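K.L.:
Using the sequences and the hints given, assemble the complete structure.
4 protein chains.
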Amino acid sequence: MISRVEYHVNFYDTDAMEVVHHSNYIRWFEIGRVEFLREAGITLGELMDDGIVFPITDVSAKFLSRGRFDDVLVIETTPTALTKAKMAFDYRILKKEDETVLVTGHTQNVFTHRETGKIMRLPDKYYKKLAAMLE
Amino acid sequence: MISRVEYHVNFYDTDAMEVVHHSNYIRWFEIGRVEFLREAGITLGELMDDGIVFPITDVSAKFLSRGRFDDVLVIETTPTALTKAKMAFDYRILKKEDETVLVTGHTQNVFTHRETGKIMRLPDKYYKKLAAMLE
Amino acid sequence: MISRVEYHVNFYDTDAMEVVHHSNYIRWFEIGRVEFLREAGITLGELMDDGIVFPITDVSAKFLSRGRFDDVLVIETTPTALTKAKMAFDYRILKKEDETVLVTGHTQNVFTHRETGKIMRLPDKYYKKLAAMLE
Amino acid sequence: MISRVEYHVNFYDTDAMEVVHHSNYIRWFEIGRVEFLREAGITLGELMDDGIVFPITDVSAKFLSRGRFDDVLVIETTPTALTKAKMAFDYRILKKEDETVLVTGHTQNVFTHRETGKIMRLPDKYYKKLAAMLE
Numbered sequence: 013m014i015s016r017v018e019y020h021v022n023f024y025d026t027d028a029m030e031v032v033h034h035s036n037y038i039r040w041f042e043i044g045r046v047e048f049l050r051e052a053g054i055t056l057g058e059l060m061d062d063g064i065v066f067p068i069t070d071v072s073a074k075f076l077s078r079g080r081f082d083d084v085l086v087i088e089t090t091p092t093a094l095t096k097a098k099m100a101f102d103y104r105i106l107k108k109e110d111e112t113v114l115v116t117g118h119t120q121n122v123f124t125h126r127e128t129g130k131i132m133r134l135p136d137k138y139y140k141k142l143a144a145m146l147e
Numbered sequence: 013m014i015s016r017v018e019y020h021v022n023f024y025d026t027d028a029m030e031v032v033h034h035s036n037y038i039r040w041f042e043i044g045r046v047e048f049l050r051e052a053g054i055t056l057g058e059l060m061d062d063g064i065v066f067p068i069t070d071v072s073a074k075f076l077s078r079g080r081f082d083d084v085l086v087i088e089t090t091p092t093a094l095t096k097a098k099m100a101f102d103y104r105i106l107k108k109e110d111e112t113v114l115v116t117g118h119t120q121n122v123f124t125h126r127e128t129g130k131i132m133r134l135p136d137k138y139y140k141k142l143a144a145m146l147e
Numbered sequence: 013m014i015s016r017v018e019y020h021v022n023f024y025d026t027d028a029m030e031v032v033h034h035s036n037y038i039r040w041f042e043i044g045r046v047e048f049l050r051e052a053g054i055t056l057g058e059l060m061d062d063g064i065v066f067p068i069t070d071v072s073a074k075f076l077s078r079g080r081f082d083d084v085l086v087i088e089t090t091p092t093a094l095t096k097a098k099m100a101f102d103y104r105i106l107k108k109e110d111e112t113v114l115v116t117g118h119t120q121n122v123f124t125h126r127e128t129g130k131i132m133r134l135p136d137k138y139y140k141k142l143a144a145m146l147e
Numbered sequence: 013m014i015s016r017v018e019y020h021v022n023f024y025d026t027d028a029m030e031v032v033h034h035s036n037y038i039r040w041f042e043i044g045r046v047e048f049l050r051e052a053g054i055t056l057g058e059l060m061d062d063g064i065v066f067p068i069t070d071v072s073a074k075f076l077s078r079g080r081f082d083d084v085l086v087i088e089t090t091p092t093a094l095t096k097a098k099m100a101f102d103y104r105i106l107k108k109e110d111e112t113v114l115v116t117g118h119t120q121n122v123f124t125h126r127e128t129g130k131i132m133r134l135p136d137k138y139y140k141k142l143a144a145m146l147e
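Residue numbers (the working numbering), protein chains in the order written: chain A, 13 to 147; chain B, 13 to 147; chain C, 13 to 147; chain D, 13 to 147.
Derived by calculation from the structure, the hints in this document are not laboratory data.
Given the structure is predicted, the values throughout are model-derived calculations rather than measurements.
Treat the hints with care, since some could be wrong.
One copy or two, either will do: identical chains are not told apart, so a pair holds if it fits within one copy or between any two.
Said to hold, decoys possible - Calculated lysine to aspartate or glutamate pairs in the DMTMM-like style (CA-CA distance at most 25 Å, straight line):
1) K130 / D61
2) K96 / E30
3) K108 / E18
4) K96 / E51
5) K137 / E18
6) K98 / D70
7) K96 / D83
8) K108 / D70
9) K130 / D110
10) K108 / D136
11) K74 / E88
12) K108 / E51
13) K74 / D136
14) K130 / E111
15) K96 / D110
16) K108 / D61
17) K98 / D62
18) K98 / E30
P.N.:
This is how it looks when you write it as C-alpha cells:
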C-alpha cells in the first residue's frame, strides 16, 4: 500500500542556488512516514505515550531533479520490510504538476524504549496494524 | 555584561534571495541567550534536569542589512531585565569582518515548571548567578 | 481581508521541550504572507522574475500557548498598511481544533530591486492588486 | 586528507525525542564538505561567481548513536573519489568529548553550470587544488 501526502514548497525551504535545499527532502521522508503510520491508525504521539520511539537508523536518497519555491510535491511512501523490531520504507517525491520524480529514497527505523533507547519488540496492537498495510 | 559568540553562516542558512533567511537570526538569538547563561554558569540541560524550562514569550527584530553564506557573525547578548519569574535580553548580530550590524532584537523569556508549564520563581542558586551578570 | 492557510505540525518542527520551536512560527508568518499575496494574484516567483524582492525589515511575535506535534494550525494574515515602498501584516496562528491562539505577530516588508537591494516603488500592476485586498 | 570542523549542538537542533533531529546531520555533512573545499583553497562563493554549482546527487547515512543539546561534535570529511565531473566524500560525526561515532555517511556531488544545470567539466584551476588534497 502506497501512502501519498502533498507538500507545498515554502520560500524558507530554498537555498542560494534557488532550489530546495536537499536536507529538506530527508525531512519530508518523515512527513511521508508519519502519514503512512496515520493511515495505519497509529500516531507517533500515541507510540510515545506508550514509551515507544521510532528512531531512524539508515537513510539514503538520490536527488534526480531540483524542486523550487511554490512547487506542489507529492510524497509517496511504500513499506518494504517489517519485523517487530524494525521497519523500512521506500520514498518517491514528485512534482504534482507533471509527475517529475525529484528524489527517491529509503529509510530504516527501529522500535525502541523511549527511556532506555534499547530496541524492543513492537506490541501486537501496533504490529497488526502495520502488517495489515503490507499485505 | 555583554556576552559574545561567533557563528559561521552555512550554505543551508541561505534562501533563494541568496541571503540568510531571516528566521535564522531568531534561532541565533537563542545561541546568544544560551551562551549568556553558560557564561553565568548555567546550562539549559541543568535547568531542565531541575524541572525548569525557559520558554520565550516575546521576540522582536529589526533586519538592517543582509548576511550571506560564509559570513562570520558575532552574536552579542545583553541582559536588560531580570526578576525571579522572567528575563529579557537585547541582541545585536554583526558581521565580524567590518562590524556591520545586520540585526538587532529583543526577547523575553519566563521560567516555568517543565511538567505543568506554569510560571515559577527561579530558585536562588540560579537567580544569584544571573543577578551577578547584570551588575 | 484576512487570508487563511493551514499547516500540519511536523515532528521535525518540535524541540526538546516537546513543543514547536518558536522560530518556526516566524517561518509560518512567511507562509501566511505568501498565501496572502497568492490570493491577491501575485506570486513571489513572478515578483522575482520582474527583479523585485520583498525582504522583511521588522518582525515581532508574542508566544501565548505551545503548539505540539500533529497539531493542525491555521495561519491568519491581515494586511495593516500598504504604500508603494512597503507593506505590513498582522498574524494570528491558532490551533484549528479549538481555536486556541498560539502566536500573534506583525511584520513589515519592503519592495526592493533584486540586483541593487535598494528600495523601489512597486509597479502599479502589483500595487493595484494589493490595494484591492485592503479595501 | 581528512578535514575536521567542530559544531556545537544548539537547542533548535533537537526534536521532541530530546535528541538531535536526524536531518541535521545531513546539513552538517555540508558543513564538512564546505570546510574541505575551504582547506583546498576553494569557496562555494568563488565557484558560484564562476558560474559553477556543486549540487548533491546521492546521500546515505547510518545513525549509530544520538547527539544531544550542547554536545560538541567533530565533523570529519574524507574525499573518496574525484573526476572533473563529480566528487564523493565519506563523513564521520563524533562527539568530541569521548569520540563516540554518532553518524557515518557518504555523499556524491556533481559540478554543474549554474545557469543551465548541466553537468560540466571542472576547470583545471579548481581541479588541481582538489586533486592535491586526495594524494
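K.L.:
Hint by hint, where does the structure go against what was stated? Just the numbers, ascending.
P.N.:
5, 7, 10, 13, 15
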